[in-house]
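Engineer: Here the protein sequences line up with chains A, B and C, keeping their order. Going by our numbering, the residue at position 280 of the first sequence is 280; the numbering climbs one at a time, nothing skipped. Going by our numbering, the residue at position 148 of the second sequence is 148; the numbering climbs one at a time, nothing skipped. Going by our numbering, the residue at position 280 of the third sequence is 280; the numbering climbs one at a time, nothing skipped.
Source of the hints: derived by calculation from the structure; they are not laboratory data. Small disclaimer: the values here were computed from a predicted structure and weren't measured. Do not rely on the hints blindly, as some may be mistaken.
With a cut-off of at most 30 angstroms between alpha-carbon atoms, the simulated BS3-like pairs for lysine-lysine come out as follows [unchecked claim]:
(1) C:658 x C:153
(2) C:363 x B:122
(3) C:321 x C:118
(4) C:272 x C:123
(5) C:672 x B:143
(6) C:123 x A:202
(7) B:151 x C:272
(8) C:501 x C:536
(9) A:151 x C:779
(10) B:122 x C:336
(11) B:143 x C:363
Listing some non-contacts, in silico: residues in chain C with all C-beta distances to chain A over 12 angstroms [as the list claims (entries may be wrong)]:
(12) 108
(13) 433
(14) 509
(15) 535
(16) 599
(17) 735
Beta carbons are placed, not taken as given, at the ideal position from N, Cα and C, and that holds for glycine.
For reference, the chains in residue letters:
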Amino acid sequence: MALQSLDITARSATTTPVPTARQTTKVAKLIDISKCIGCKACQVACMEWNDLRDEIGTTTGIYDNPRDLSDQSWTLMRFSEVEVQPGRLEWLIRKDGCMHCADPGCLKACPAPGAIVQYSNGIVDFHEENCIGCGYCLTGCPFNIPRFSKKDSKAYKCTLCSDRVAVGLEPACIKTCPTGALVFGSKEDMILHAEGRIADLKERGFSNAALYDPPGVGGTHVMYVLQHGDQPELYAGLPKDPGISPLVSVWKGIAKPLMSLGIGLAVFAGFFHFVTAGPKEIEEEEENRS
Amino acid sequence: MQVTRRQFFRICAAGVGSSSLAALGFAPGEALAEVRTFKLARASETRSTCPYCSVSCGLLIYSLGDGAKNAHKEIIHIEGDPDHPINRGTLCPKGAALLDFVHSPNRLRRPEYRAPGSKEWKPISWDDAFSRIARLMKDDRDKNFIATNEKGETVNRWVSTGMLAASASSNETGYLTQKIARSLGMLAFDNQARV
Amino acid sequence: MTNHWVDIKNTDLVLIMGGNAAEAHPCGFKWVTEAKAHRKAKLIVVDPRFTRSAAVSDFYAPIRAGTDIAFLGGVINYLLSHDRIHHEYVNSYTDFSFLVKDEFGFEDGIYTGYNPEKRSYDKSTWGYQIGSDGFVVTDPTLQNPRCVYQMMKAHYSRYTPDMVSSICGTPRDDFLKICGMIAETSAPDKAMTVMYALGWTQHTQGSQMIRTAAMVQMLLGNIGVAGGGMNALRGHSNIQGLTDLGLLSNLLPGYMTLPGDGEQDYQTYIDKRAFKPLRPGQLSYWQNYGKFFVSTMKAWYGDAATAENNWAYDWLPKLDKGYDLLQVFENMHQGKVNGYICQGFNPLGSAPCKIKVSNSLAKLKYMVIIDPLATETSEFWQNHGEYNDVDPAKIQTEVFRLPSTCFAEEDGSLVNSGRWLQWHWKAADPPGDAKNDQDIMAGIFLRIREMYRKDGGAFPDPILNLTWKHRQPASPSPEELAKEYSGKALKDVTDPKDATKVLVKAGEQLNGFAELRDDGSTSCGCWIFSGAWSEKGNLMARRDNSDPFGIGQTLNWAFSWPANRRILYNRASCDPSGKPYDPTRKVIAWDAATGKWGGADIPDFKPDSAPEDGMSPFIMNPEGVARFFALDKMAEGPFPEHYEPMESPLAANPLHPKNDKARANPAARVFKDDWATFGKPDKFPYVCTTYRLTEHFHFWTKHVRLDAITQPEQFVEIGEELAREKGIKAGDHVRVKSNRGFIVAVAVVTKRIRTLDVAGKKVHTVGVPIHWGFMGIAKNGYLTNTLTPFVGDANTQTPEFKAFLVDVEKV
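Just chain A, with the same shape it has in the complex:
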């Protein structure tokens, strides 16, 4: 399996050029929200396959359980009751998780060599053994996806079942999806499939049905078919026009030159804090407020 490393197109905090001789088919997962019944089979299959078990939590008055993504829950359903047309209730259920951006903000932001990689098939994968727990991937992510383990302070997220895809299988969530709301294949085929679905939805009265493949992140390898493509925020706050956080540009533009100047030991100590303790949630919240 080690040869898989040759199929890498991008690698965090690495300046060595990547090998480009071999090209593999770009893959994509398509999530058709108009077919999703919110059964959470994908959540369960994801945990089962990836040997994860989230905590048995509590009910807070909504169907979303667990309440949020975590190091153990790499995907979950977010339920929204909306009335786009007055008097006609819709229960929009969105499977949340890593979007596998073509231009991944997490990877760009990551300072740990090889902790985040992008395979030539489009999958963005975390390699936790290299993760230093700094939290930058979360800053870089326009979809608020990576989560940190309380046990090892490392970042975790959906791998698009890179281990299954590597041997020619579909991801666990795709396989299990009872209604075919999740489909998987080449990105090209998925776009075609989405076109068919959108035409069908338009016939059924959803005139704004559209594909969600946001250009701000170079397109994604996880795409949505939305009944209300003009209002992605209806779907539990799916960002309308996501882009990579400005902080990541700072890292690319300013921090690197600064780094080469080799400033301050205090900074060095600060880094060890991240390695040993991981990011503090409060810092994350402060950033969000600022």
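With chain A held as given, fit chains B and C onto it using these hints.
Structural biologist: For chains B and C alone, coordinates are given in the frame of chain A:
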């Protein structure tokens, strides 16, 4: 673009830190990017049917080992059978969680006995349990069996012991249970179809 | 299901009502999404709650729980008054033209023959007019006011859109829109499928709800066709199989019935069930009842069942009354039951009115639990705090808890909702000392038998003579048992037309029930399963999933009863001349060249009966046609009538406001002491309905960590308006109480439950999912049958879990 002081600090810290770490010889090795090894490569595969609802989703059950005598067939993974005409590989959240049903901490492992008025279970051997149950059933049947009704009609029924059969058990179990129940003259006998 | 899961992809319209297929049967529901994707099918959902099925529907309408007959009766009225029916189909294949006895009548909600004290009917007038030739009198012009068509039209003319809306709380326009969509499928080349489950069965008039929907399907010509049918989505993996095998108090295998006390004479018992044709030229397949019965008795009692002892007829227990679950718990409550065996069944959670169930169990001398999991029932005697507050010292029941295997640890077959018998294989050994169910049953039975052999006792003959030809007596193998119920020839079976021609040699497995004989020469434990294991081998284990006709008829995958047939009544998919109504979805057709029926399925018909013979498609009925008029088969009347649930927010039935006898189902059985346990709307003003969630399976998956994670804690659902009135916010703890007890759970406040306008008043619905209890690894909770009334459907005695009254308050 706005960058707070704290953010600026963190950006510098991480940047310097990583390159400095490398200088100190803490570089994360070759950092070969490998996907997680595919875990089913040589596991045994068994075809089964989901025990929950009546859709009858086909299952592939994966267990450790290749069937060799010395390998204990621990079940490590269950997913849908793609050849099955109905589920075509899919499973609902219950079916997708079957691994944790098989390995539930609340699976019963030993026969147990609770004495009248007791607050606890006591272990009992299978042989003792079977013999004691058979004795209780026979005594009750012998005492309360109704061979003829008040009109003198032959009715041959036993209604002072009842049974509920499992509608998740196989046809073979069901058939055997039906035979046994009726041979004893049981009528107070239903399965989940009643509710 | 008359059809099967994959066939749903052939439909044009799906009606999900009395069920929530997306929630409870997600992988079967996929065939709805396939029909939508590939046939442009539409999905209608009618439910008190906007469900997961509704989330992907094309049209949703709310309905008050328990009023489905009013809704569907309104659909019948719409179809008849707008003449949107499949004329040739109803004229040729139903009882439209049959004349009903003059004495039969219906007055203010009550049919002829009612006895209010007994709460039951003398049904002698509920029949056809029979001519001097012994056949039913008909009027093909349909003008006679006593013909079924005219009587049905008159009966449902009262179910106007306004009346429907008033009873059901469904907005009138929503109701009419649905009627219009349904009426489209009266076209011969359009099909609708109806998918239902416990949302119809768990009412005091559940059987009649299902019947009303079946009548709608008949009017539209949607029975027997691909993409049509009445499709019961059953709840357990082998609930179909156990029903088929007759594991119900009144049944024998293959829907044969146990005799009653009065049926002392064997031949009378058989003749009463071997119906003679009621119209000329009809098959009336139950005429073969004797063959099925004798073959079963040969399977059970072998050489001890002889012509001389009427095939051991007297060895069968006879019924003096029903012994359904509710009756048995009533008996137990009265101290008349000493022992109870729960094989994979958790009645403390599954039977209604937990307090009554719990008190009843405490009166047992002994109880045996056979289960893979630690169920609530197995610890009914144990104090589990507020969730099971009992005093063990006061409970004198001896309890045995025997660990059994689960699906992954055994071989065997299961029957799915679509009647497919499918084999599965053992993957691993069970944990600890757990044994499979066959070994456990054998372990108990062989010891009882040995005691009778040694010591004698009450009527030992059937016990001592029960066939037990197992290579390992203590461990009967699934293969041996499967061969036994499938059946074999005990002597050479010859062709009835040519006695020199041997069809099956003595000792060989039979090919199917057509080879069964009533002379003791065949043995077959379950006639409808006959042929599942023939000389060709175990057909249930077949795995060829090819679909040569493209309509999902995988005839070489497993085995489907009866006779590997996949769509029941499929003769009705063709017109009287034998041509398919929809050639693009041809199931079968008459082939004049070969003189046979054939196609993508096994014909549900006499295979060589030419259309000119005039044989009708419903061969199990002695009339040969389907019945709108149910004769004496239903407890509460030949035409379904809306009655209120036993506990209802209305003081009277809006259809019969002055007749209190017709308020709730007049034929529903209520035990004397239970009347006092029913609540009234003054104290319990809200309609409550219980149901399942997709994350859980009954009371099993709270033992399963992955499912406990996705739905960890008990909750109840209330609408926004009720929440406002009561000052309840999402996440608050609320107490839901009925006249029988209360539960406390987290509130989910939702737009998905609407407040309905019913007969001029506002009606709120409270939704209660059932899955929690005091055992398991999910958060402990209250068994929800704490709330439910101890009353069942008048025909099946299935408890009314879907509509009763509660009050709600913030804790």
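Engineer: Run every hint past the structure and note whether it holds.
Structural biologist: Hint check:
For the hint pairing residue 658 of chain C with residue 153 of chain C, the CA-to-CA distance comes to about 23 angstroms; that is within 30 angstroms, so the pair holds. Proximity of residue 363 of chain C to residue 122 of chain B is assessed by CA-CA distance (about 21 angstroms); at most 30 angstroms being required, the pair is judged to hold. About 13 angstroms separates the Cα atoms of residue 321 of chain C and residue 118 of chain C, which keeps this hinted pair within 30 angstroms; it holds. Note on residue 272 of chain C and residue 123 of chain C: the hinted pairing holds, with a Cα-Cα distance of about 16 angstroms set against a maximum of 30 angstroms.
A threshold of 30 angstroms between alpha carbons decides the hint, and for residue 672 of chain C with residue 143 of chain B the separation of about 28 angstroms falls inside it, so the pair holds. For the hint linking residue 123 of chain C to residue 202 of chain A, the alpha-carbon distance of about 54 angstroms lies beyond 30 angstroms, and the restraint is violated. Restraint check for residue 151 of chain B and residue 272 of chain C: satisfied, since their Cα atoms lie roughly 22 angstroms apart, inside the 30 angstroms limit. With a CA separation close to 20 angstroms, the supplied pair residue 501 of chain C and residue 536 of chain C stays within the 30 angstroms bound.
Distance check on the hinted pair: residue 151 of chain A and residue 779 of chain C sit about 24 angstroms apart at the alpha-carbon level, within 30 angstroms; holds. For the hint linking residue 122 of chain B to residue 336 of chain C, the alpha-carbon distance of about 28 angstroms falls within 30 angstroms, and the restraint holds. Between residue 143 of chain B and residue 363 of chain C the alpha-carbon distance is near 18 angstroms, which keeps this suggested pair within the 30 angstroms criterion. Every C-beta of chain A lies more than 12 angstroms from that of residue 108 of chain C, the closest at about 37 angstroms, which supports listing it as non-interface.
The Cβ of residue 433 of chain C lies farther than 12 angstroms from every Cβ of chain A, with a closest approach of about 27 angstroms, so its non-interface assignment holds. Under the 12 angstroms C-beta cut-off, the non-interface status given to residue 509 of chain C relative to chain A holds; the minimum distance is some 37 angstroms. Taking the minimum C-beta to C-beta distance to chain A, about 38 angstroms, the non-interface status of residue 535 of chain C holds against the 12 angstroms cut. For residue 599 of chain C, the requirement that its beta carbon stay farther than 12 angstroms from each beta carbon of chain A is met, with the minimum near 29 angstroms.
Listed as outside the interface, residue 735 of chain C is consistent with that label: its C-beta sits roughly 16 angstroms from the nearest C-beta of chain A, beyond the 12 angstroms cut-off.
When the structure is compared with the earlier hints, a violation turns up for hint 6 alone.
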